[in-house]
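Novice: Taken in sequence, the protein lines are chains A and B. Take 1 as the starting number for the first sequence in the working numbering and just add one per residue. Take 1001 as the starting number for the second sequence in the working numbering and just add one per residue.
Check the hints yourself; a few may be wrong.
Covered stretches of chain B, going by a simulated chain A footprint (3 or more residues, C-beta under 8 Å) [stated by the list, open to error]:
| no. | stretch |
| --- | --- |
| 1 | 1041-1053 |
| 2 | 1101-1110 |
The calculated label-pair distances, taken between Cβ atoms and stated as ranges, are [to be verified]:
| no. | chain 1 | residue 1 | chain 2 | residue 2 | range |
| --- | --- | --- | --- | --- | --- |
| 3 | A | 110 | B | 1080 | 29 to 35 Å |
| 4 | B | 1115 | A | 26 | 36 to 42 Å |
| 5 | A | 16 | B | 1018 | 47 to 53 Å |
| 6 | A | 53 | B | 1042 | 31 to 37 Å |
| 7 | B | 1041 | A | 15 | 25 to 31 Å |
| 8 | B | 1011 | A | 59 | 24 to 30 Å |
No wet-lab data here; the hints were simulated from the structure. Since the structure is predicted, the reported quantities are computational estimates derived from the model, not experimental observations. Beta carbons are placed, not taken as given, at the ideal position from N, Cα and C, and that holds for glycine.
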Amino acid sequence: NAGVTQTPKFQVLKTGQSMTLQCAQDMNHNSMYWYRQDPGMGLRLIYYSASEGTTDKGEVPNGYNVSRLNKREFSLRLESAAPSQTSVYFCASSEAGLGDSPLHFGNGTRLTVT
Amino acid sequence: AQKITQTQPGMFVQEKEAVTLDCTYDTSDPSYGLFWYKQPSSGEMIFLIYQGSYDQQNATEGRYSLNFQKARKSANLVISASQLGDSAMYFCAMRETRRAQKLVFGQGTRLTINP
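If we strip away everything but chain A, and leave its shape as in the complex, we get (with noise of 0.2 Å):
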């Protein structure tokens, strides 16, 4: 049962530098996520699709781009990192965003900016 698989497990980037952490979800939902979580801020919504072929921002959307390419996946882009980005960053999904259907999470991706 892979559930959400999130690539790469690990990253350090020099500010400036671009990447794109992947995100696979094979439970056939509908909305997909993308948080990050820092030191005594718990997670914070930066963008979210309900659907395929939608995409919405959410509390912290700057310097962040999202692509959803299908149902199963949803890309999430910095241009060009900077160390305010260090974070450990987790890609959900969930069932239609219905009031009751549990987020499921990957395993994070812990992206350190230098």
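Put chain B on the given structure of chain A with help from the hints.
Specialist: For chain B alone, kept in the frame of chain A given last:
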């Protein structure tokens, strides 16, 4: 704006004791859902329990139960008979029905179970 508050940054409990993790929330939406997640030191996020705002009874899942007090806007997680493996970060989260895509998290409580 919706808001989740977890006032206990850290808690220490003896093994086999019950523990209550506090969560209060703020919303003007009459329809919402409350979730608890566990994050062990390995880092993954594990869904524990869900409570809907219109649910008549408190949710229970094994050793986890949710003490839901709607008028006080609190949704405390109760873990009975704590085990060493319960040591982890615990996050409370809320989703308003009118903003069904947005699950907002509290800052978390680090629970340590002592043998």
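Novice: Hint by hint, note whether the structure agrees.
Specialist: Going through the hints against the structure:
1. 1041-1053: holds (count 6)
2. 1101-1110: Three-residue rule met by the stretch 1101-1110 of chain B, so holds; n is 8.
3. A/110 / B/1080: 29 to 35 Å: holds, 33 Å
4. B/1115 / A/26: 36 to 42 Å: holds, 39 Å
5. A/16 / B/1018: 47 to 53 Å: Holds - the Cβ-Cβ distance for residue 16 of chain A and residue 1018 of chain B, about 51 Å, lies within 47 to 53 Å.
6. A/53 / B/1042: 31 to 37 Å: Holds: the Cβ-Cβ distance is about 34 Å, inside 31 to 37 Å.
7. B/1041 / A/15: 25 to 31 Å: holds, 29 Å
8. B/1011 / A/59: 24 to 30 Å: The hint (24 to 30 Å, Cβ to Cβ) holds, given that residue 1011 of chain B and residue 59 of chain A are roughly 27 Å apart.
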